[in-house]
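**Student:** Now for the letters of each chain:
Protein chains: 2
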Amino acid sequence: VDKERFYKQIDFLLELDKLKTIQRRSYLTNGNRRENSAEHSWHLAVMALLLSEYSNFPIDIIKVLKMVLIHDIVEIDAGDTYCYDNIGNSFKDVREKRAANRIFGMLPLDQAEEFRSLWEEFEAGETPESKFAAVLDRLMPLLHNYHTQGRSWKEHGVTKSQVFERNSHVVEGSLVLGEYIQNIIEDAAARGYLSETDR
Amino acid sequence: VDKERFYKQIDFLLELDKLKTIQRRSYLTNGNRRENSAEHSWHLAVMALLLSEYSNFPIDIIKVLKMVLIHDIVEIDAGDTYCYDNIGNSFKDVREKRAANRIFGMLPLDQAEEFRSLWEEFEAGETPESKFAAVLDRLMPLLHNYHTQGRSWKEHGVTKSQVFERNSHVVEGSLVLGEYIQNIIEDAAARGYLSETDR
Chain F
935 VDKERFYKQI DFLLELDKLK TIQRRSYLTN GNRRENSAEH SWHLAVMALL LSEYSNFPID
995 IIKVLKMVLI HDIVEIDAGD TYCYDNIGNS FKDVREKRAA NRIFGMLPLD QAEEFRSLWE
1055 EFEAGETPES KFAAVLDRLM PLLHNYHTQG RSWKEHGVTK SQVFERNSHV VEGSLVLGEY
1115 IQNIIEDAAA RGYLSETDR
Chain P
935 VDKERFYKQI DFLLELDKLK TIQRRSYLTN GNRRENSAEH SWHLAVMALL LSEYSNFPID
995 IIKVLKMVLI HDIVEIDAGD TYCYDNIGNS FKDVREKRAA NRIFGMLPLD QAEEFRSLWE
1055 EFEAGETPES KFAAVLDRLM PLLHNYHTQG RSWKEHGVTK SQVFERNSHV VEGSLVLGEY
1115 IQNIIEDAAA RGYLSETDR
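Note that the protein sequences, when read in sequence, are chains F and P.
Every number in the numbering used here is 934 more than the matching position in the first sequence, counting from 1.
Every number in the numbering used here is 934 more than the matching position in the second sequence, counting from 1.
Honestly, the hints are just simulated from the structure, not real lab data.
Keep in mind that the hints are not guaranteed to be accurate.
In silico BS3-like links for lysine-lysine, alpha-carbon gap of 27 Å or less [to be verified]:
#1 K1094(F) to K1026(F)
#2 K1026(P) to K1088(P)
#3 K952(P) to K1026(P)
#4 K1094(P) to K937(F)
#5 K942(F) to K1031(F)
#6 K1031(P) to K997(P)
#7 K997(P) to K997(F)
#8 K1088(F) to K952(P)
#9 K937(F) to K952(F)
#10 K1031(F) to K952(F)
#11 K1026(F) to K937(F)
#12 K937(P) to K942(F)
#13 K952(F) to K952(P)
#14 K997(F) to K952(F)
#15 K997(F) to K1031(F)
#16 K952(F) to K1088(P)
#17 K1026(P) to K1094(P)
#18 K997(F) to K942(P)
#19 K1094(F) to K1026(P)
#20 K942(P) to K1031(P)
#21 K952(F) to K1026(F)
#22 K952(F) to K942(F)
#23 K952(P) to K937(P)
Computed from the model, here is a short list of chain P residues facing chain F with C-beta under 7 Å [stated by the list, open to error]:
#24 L947
#25 D951
#26 T963
#27 A979
#28 V980
#29 L984
#30 L1003
#31 L1109
From chain P, some residues computed to sit far from chain F (all C-beta separations above 10 Å) [claimed, not checked]:
#32 S975
#33 N990
#34 P992
#35 C1017
#36 K1026
#37 E1055
#38 G1091
#39 R1125
#40 S1129
Even for Gly, the Cβ is constructed at its ideal location relative to N, Cα and C.
Make a model of the complete structure from these sequences and hints.
**Tutor:** Next up, the structure:
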């Protein structure tokens, strides 16, 4: 056993514990607390297993699993940037790239490169796998918001047109899930979970 | 789209949110709170990606991923049974089988059968994949305990010989990780994180 390699892997795995302390904006469906990015990543992985039949394209499921499992690791340093926070998002790229360098850089070179490239592929959203992973990453928070009567939308004054725009690309990954997402947004607005008027 | 199938999948995914509220005995390495079973499952999945090279046998990594992602879902109904709780463990099988029937039974039949059979394979621990998944499921809580000065061991008066026995099968899945686990236990006992004396 290459001990240096092994201890790099263990140190990285211990570092990952921090993702369990990164709070997202969405609340659990029981409304008791915000979701953290580690449990969110788990939820997307199980979704990937169950919903892959709705991808527009044939996908390599292991690649989708890897992507959703690691897509938020950079938040350990960069924090969770709320998708409707324009200022935060303008600096997001720089912060997340620096985070990727440090955190993935803890791994042995081959694994660092694999994770880094999976993360970049996910961020770019140009391949069938990354498009499908993005759909999952949109759908689950939408369901969380819907099942908490739009709690996090209301807290941040999010409007229907913002949510539509945020979800405008999901049809590229899955027509079926894209249509479902559209129906949820319409229904959420009709129920008053989402504001109809732009500020 | 088969709507009945689709809504079964979505209802199951919403049900999974409850796993985020199931508390395990181990504390996060920062010691702030106990870990929940959803984030634990995520952690094992990333471990599987990084440590598969230490399996004694060639393994189908997708199968290992599926197993660790779903291995604790039954806890939604059955709760987390502490591995050193003899009374709790004597009823664990019955409780968990009932839970598996209800929860996996929410899925469309083909997916219910797949998840059920993966969970049974994990529980039986007889295949290369389930043996390796079991190693991961032992190693991570050990690291959590070690990095919190044996906090959860101390709270429950767990002894070195109990931890050795609990981990006696890990070498079947991975000699490398089995040896590492043995060293951690010795070191933890030497540091007083684990009691040397049986009660």
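**Student:** State for each hint whether it applies.
**Tutor:** Now the hints, each set against the structure:
1. Using a Cα cut-off of 27 Å, the hinted pair K1094(F) and K1026(F) holds, with the two alpha carbons roughly 24 Å apart.
2. For a cut-off of 27 Å, the pair hint linking K1026(P) to K1088(P) stands: about 23 Å separates their Cα positions.
3. Restraint check for K952(P) and K1026(P): satisfied, since their Cα atoms lie roughly 19 Å apart, inside the 27 Å limit.
4. Simply put, K1094(P) and K937(F) have alpha-carbon atoms about 25 Å apart, close enough for the 27 Å limit, and the pair holds.
5. For the proposed pair K942(F) and K1031(F), the alpha carbon gap of about 20 Å is at most 27 Å, so the pair holds.
6. For the suggested pair K1031(P) and K997(P), the alpha carbons sit about 21 Å apart, so the restraint of at most 27 Å is met.
7. Under the criterion of a C-alpha separation no larger than 27 Å, the hint pairing K997(P) with K997(F) is consistent with the structure, at around 14 Å.
8. About 23 Å separates the Cα atoms of K1088(F) and K952(P), which keeps this hinted pair within 27 Å; it holds.
9. A threshold of 27 Å between alpha carbons decides the hint, and for K937(F) with K952(F) the separation of about 24 Å falls inside it, so the pair holds.
10. Restraint check for K1031(F) and K952(F): satisfied, since their Cα atoms lie roughly 18 Å apart, inside the 27 Å limit.
11. For the given pair, K1026(F) sits about 35 Å from K937(F) by alpha-carbon distance, which is inconsistent with the 27 Å threshold.
12. Only pairs whose Cα atoms come within 27 Å are accepted, and K937(P) paired with K942(F) is rejected, the gap being roughly 47 Å.
13. Using a Cα cut-off of 27 Å, the hinted pair K952(F) and K952(P) holds, with the two alpha carbons roughly 21 Å apart.
14. For the hint linking K997(F) to K952(F), the alpha-carbon distance of about 24 Å falls within 27 Å, and the restraint holds.
15. Between K997(F) and K1031(F) the CA atoms are separated by roughly 21 Å; this keeps the pair inside 27 Å, and the hint holds.
16. A C-alpha spacing of about 23 Å is found between K952(F) and K1088(P), which places the hinted pair at or below 27 Å, so the restraint holds.
17. At most 27 Å may separate the alpha-carbon atoms for a hinted pair to count; K1026(P) and K1094(P) meet this at roughly 24 Å.
18. Under the criterion of a C-alpha separation no larger than 27 Å, the hint pairing K997(F) with K942(P) is consistent with the structure, at around 25 Å.
19. Our distance criterion of 27 Å between C-alpha atoms is broken by K1094(F) and K1026(P), whose separation comes to about 47 Å.
20. A hinted pair counts as satisfied when its Cα atoms are at most 27 Å apart, and K942(P) with K1031(P) qualifies at roughly 20 Å.
21. Between K952(F) and K1026(F) the CA atoms are separated by roughly 19 Å; this keeps the pair inside 27 Å, and the hint holds.
22. For the hint linking K952(F) to K942(F), the alpha-carbon distance of about 16 Å falls within 27 Å, and the restraint holds.
23. Pair hint K952(P) plus K937(P) holds up; C-alpha atoms about 24 Å apart against a cutoff of 27 Å.
24. The interface hint given for L947(P) is met, as the beta carbon of that residue sits about 6 Å from the closest beta carbon of chain F, less than 7 Å.
25. Checking D951(P) against chain F by beta carbon gives a least distance of about 5 Å; that is within 7 Å, so the hint holds.
26. Interface restraint check for T963(P): the shortest CB-CB distance to chain F comes to about 5 Å, inside 7 Å, so the restraint holds.
27. Proximity of A979(P) to chain F holds as hinted, the smallest CB-CB distance being about 5 Å (cut-off 7 Å).
28. Interface hint status for V980(P): upheld, as the beta-carbon distance to the closest one in chain F is roughly 6 Å, under 7 Å.
29. The beta carbon of L984(P) is positioned within 7 Å of a beta carbon in chain F (closest approach about 5 Å), and the interface hint is therefore held.
30. Of the supplied interface hints, the one on L1003(P) holds, with its beta-carbon coming within about 5 Å of a beta-carbon of chain F, less than 7 Å.
31. Below 7 Å, beta-carbon pairs count as interface contacts, and L1109(P) has none with chain F, the closest being about 9 Å; its hint is therefore violated.
32. Chain F draws S975(P) into its interface by the beta-carbon criterion, the shortest separation being 5 Å against a cut-off of 10 Å.
33. For N990(P), the non-interface assignment is confirmed: its Cβ lies about 13 Å from the closest Cβ of chain F, beyond the 10 Å cut-off.
34. At roughly 15 Å, the least C-beta separation between P992(P) and chain F is larger than 10 Å, which holds for a residue marked as non-interface.
35. At roughly 20 Å from the closest C-beta of chain F, the C-beta of C1017(P) stays outside 10 Å, upholding its exclusion from the interface.
36. Every Cβ of chain F is farther than 10 Å from the Cβ of K1026(P); the closest lies at roughly 22 Å, confirming the non-interface assignment.
37. With a least CB separation of 15 Å from chain F, E1055(P) remains clear of the 10 Å interface cut-off, as annotated.
38. A cut-off of 10 Å between C-beta atoms confirms that G1091(P) is not in contact with chain F; the least separation is 25 Å.
39. With a closest Cβ-Cβ approach of about 17 Å to chain F, R1125(P) is found to remain outside the 10 Å limit, as its non-interface label requires.
40. At roughly 24 Å from the closest C-beta of chain F, the C-beta of S1129(P) stays outside 10 Å, upholding its exclusion from the interface.
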